[in-house]
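Construct the complete structure from the given sequences, taking the supplied hints into account.
Chains as they are written, first to last, in my numbering: chain A, 3 to 406; chain B, 509 to 1026.
Treat the hints as calculated values from the structure; they're not laboratory data.
Honestly, I wouldn't trust all of these hints.
As the list claims (entries may be wrong) - No farther apart than 16 Å at their CA atoms in a straight line, the calculated lysine to aspartate or glutamate pairs in the EDC-like style are these:
id, chain 1, residue 1, chain 2, residue 2
1, B, 997, A, 75
2, B, 654, B, 611
3, B, 993, A, 75
4, B, 765, A, 304
5, B, 737, B, 714
6, B, 993, B, 950
7, B, 993, A, 382
8, B, 737, B, 717
9, B, 575, B, 717
10, B, 993, A, 99
11, B, 997, B, 940
12, B, 570, B, 628
13, B, 547, B, 714
14, B, 809, B, 774
15, B, 993, A, 103
Each chain is listed here by its residues.
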Amino acid sequence: MTNTITAGNRGQHARGDCFVSFEPAASGKLDIEINSSVQQLYGNTIKNLAHQVFGLFGLTSGRVLIEDTGALDFVLAARIEACITQAIETKKSFLGEMLQENCYSSQKNRMRLSRLYLPGNSPKMMINAGVHQPNAIILDLEDSVAVSKKREARFLVRNALRQIDFLGAERMVRINQLPMGLDDLPQVIPHNVHVILIPKCESAETVHQINQEIARINAADKTEREVFLMPIIESSKGIFNAAEIAGSADNIVAITIGLEDFTADIGVKRTFEGTESFYARSHLVNICKCHNIQAIDSVFSDVGNMDALAQTIRHSKSIGFEGMGCIHPRQIPIIHAGYSPDPADIDKAKKIVLAFDEATKNGLGVVSLGSKMIDPPVVERAQQTIDQAVTLNILSENWRAENV
Amino acid sequence: MSERSFVINEAGRKVPSIVNGQAQVPYKGVGKHRPTGRKYGVPIATCADYPADGNKLLPNLKEALLKAGLKNGMTLSTHHHFRDGDVIAQLVFEIAAELGIKDLIWAPSASFPCHKPIIEHLLNGVIHHIEGSMNSSLGTFCSEGKMSGVGVLRSHGGRYQAIQDGELHIDIAIIAAPAADTFGNANGLNGPAACGQLGYALADAEYADCVIVVTDNLVPFPCMPMEIKGNNVDYTVLVEQVGIPEKIMSGTTKVTKSPDRLLLAELTARFCDEAKLIHDGFSYQAGAGGTALAISDYFSKSLTQKNLKARFAHGGSNASLVRMLEEGVLDYILDDQAFDLAGIQSIAQNSNHINTSPFNSYNYHGKGNFSSLLDVVILGATEVDVDFNANVVTHSDGLLAHGIGGWQNCLFGKCVILPVPLFRNRIPVVRDQVTTLCGPGELIDVVVTERGIAINPRRQDLLAAVKGSSLPIKPIEELKEIAEKICGKPADLSPTGDVTAIVKWVDGTVLDVVWRVG
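Pasting the structure below:
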């Protein structure tokens, strides 16, 4: 019997996915069988796509079975390619059209209140991720992908970056811990990824290695892509070296902490109060502020308990964090509300900004509000609060006019 | 299947003019068909033929069916009060098979996955065809063209209308009841198989030639309240079990945890808020299903926050609706079926939780019904097209999968909203044309999807009401295009030409056809 190569997912929970089996043959024709939940409506579409992918790689013989549960084209193509590339050595890639909608860029200081984690080998959660309006989505190649599925997940994540419209969310990928993570980069860097999340980051060296690989990929393609980095600190060593990490490269936009691994590393239990990680978190906030980058808190894992999430955010915001990762879309509105400026903050910020406008108009170098002098950093901070409130739709863009 | 003549009805659908030997009226438009004549009349009975002591108890169901004169070609009805926990329908046809009876017509008020064994009786000729709903395996069986006759799909109100008008003549009604006395008085409130109400059997009790009440909980006369009146009942039977209690509770009574569906619920509730549909004295249809339940919870919050009260909700009752009633956010629940234990207990105890039937709520051939009084109606759909027509019975591949339930009847509400995902497992929900027409677009006002809300252009008032809001209002054509951009354009499936079932409109006319799948 010939060797059968497979890729993808099947079974009860594999909705919107497919499982591809390929038996290469030295001669004869290419026989493609489709067994799909959408056979009537898309059977021919699927078959044509499969022929295109096999054609690109020059395979004309063998038996293919595609067991499909409503996979979109980007999923089908990723699974088929993951199969083919096990059978042959190739430098080719089957790249679906890069959606025009996906060609936007990001900024270093853009708002990152919420980042939605999407398991890198599960298409069904990716497709509608954007409609929940997180500030960012994270296609995860690390912990949510089984070791045996790492390879095929790269194809899926690459295709998702090209063909899913995340509706304006910042596009992030969490690569694997180094050295494996370096092999993830060629599959994501060319496809308009905005931020690379670096898991278990413990030193500046890790950041340098990643930047070198990004530079190499850019040089090979003769393009200059701006890619931001967000190291994740998950160990005592990482916390100890946080300053070194934060200062290691200009393209670091934020640092976050992973509390599950961190508490395991220091040998304690993670509690709801978080006393055991208070030092680490507070230290991290301080380092981030010192380097003018964002401090982002660890994910909250009890997805059923929104009250506890809100409470955790209140504490998190009070010690200086500016956002949080999330693992369920329903956490997004709670996170946005929790980290947003409250009405009193906005009111105060408005007064400061108006006072600054007034001072500028009158050619005054000094801004004052009532009898109080206002320092430039305070004005800057007030402006940030206003910008954030406008972005979050809790303050009108024309607030100055409406304020009169 | 024999040759038939077809006509094009007012909705532009090709429909047969004769079905199962019965002449049919093609759909003429909403409110256009005006039947004449009088309602169906049952034969006159006399007390002299019934036991003076009121004891109509027979030893078993077989004997009752024999006494009822069970013979080839008769129409037998059962009801879905026990939902997936029904055991009586299967028992009835086992007995019929054992007696060698053929060509029966089964007229259930709804069918559930538990009715899969009925397929055997369709195959061996005991049952000729089904007039009612056909779900899951029965639906597949029917749409593959394996049923001897043509299925007739009706709404809950349509079933009442058809029985009352004599379109659907029932020879023997077998009413399974959680509590009954030997005279035949029965209700659904007490006993191991307590299910709430028995309203779907009321038409049968009134209009069937012969009525058998089957119970596993015989109480001394009088069984109160007597929702089914013993005066309409011919025979009573005691069996070991009428329904499996744990399967009576519908699986659709839990608020959804799916983030996409919760988003739909939230958008729907926001739409109702922004369009100012929620006001003091508000009324709405509280459906089953996770999304509808989540919406009901949003309504409850919104009413509480604004210190408003809803006058009535039409159920499907469940724990969350009962909580609203008890907290005083809601004055009345008008309820056709209780979906959970809280609903059952409430209807037994709370005088503001009212037992209503398809006659009150849905019957189109009456002097009004409740559904047109509803301010907001939230319904599901398998497909919606760019003319706002909707399908609720077949999937896009043509396979019959769901019953109509009260869906068609509720379309007469003042604002009908369909929260639907834009696509399901690659299959677009918003399409050029629905596979099977169940609800005319002129009655459907709003389609809410996770990627945009479409308002029927006939509802300029609603369009004006939400103008300038932050809601993602889009033309329905745009929603269709977004769906096709994500999923790809589905293949056009032309009908095979073989009719497997017809879809009746609320007035008994033929709205569309379920064609045999290719």
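Evaluation of the provided hints:
1. B:997 / A:75: Judged against 16 Å, a Cα distance of about 12 Å means the pair holds.
2. B:654 / B:611: With Cα atoms ~14 Å apart, residue 654 of chain B and residue 611 of chain B stay inside 16 Å; holds.
3. B:993 / A:75: 11 Å, holds
4. B:765 / A:304: With a Cα-Cα distance of about 14 Å, the restraint between residue 765 of chain B and residue 304 of chain A holds, given a limit of 16 Å.
5. B:737 / B:714: Distance of about 9 Å is within 16 Å: holds.
6. B:993 / B:950: Violated, because 27 Å separates the two Cα atoms, which is more than 16 Å.
7. B:993 / A:382: 43 Å, violated
8. B:737 / B:717: Answer holds: residue 737 of chain B to residue 717 of chain B is near 15 Å, not above 16 Å.
9. B:575 / B:717: 12 Å, holds
10. B:993 / A:99: 12 Å, holds
11. B:997 / B:940: It holds: about 10 Å lies between the C-alpha atoms, which stays within 16 Å.
12. B:570 / B:628: 19 Å, violated
13. B:547 / B:714: It holds: about 12 Å lies between the C-alpha atoms, which stays within 16 Å.
14. B:809 / B:774: Holds, at about 12 Å.
15. B:993 / A:103: 12 Å, holds
Hint violations for this structure: numbers 6, 7 and 12, all remaining hints satisfied.
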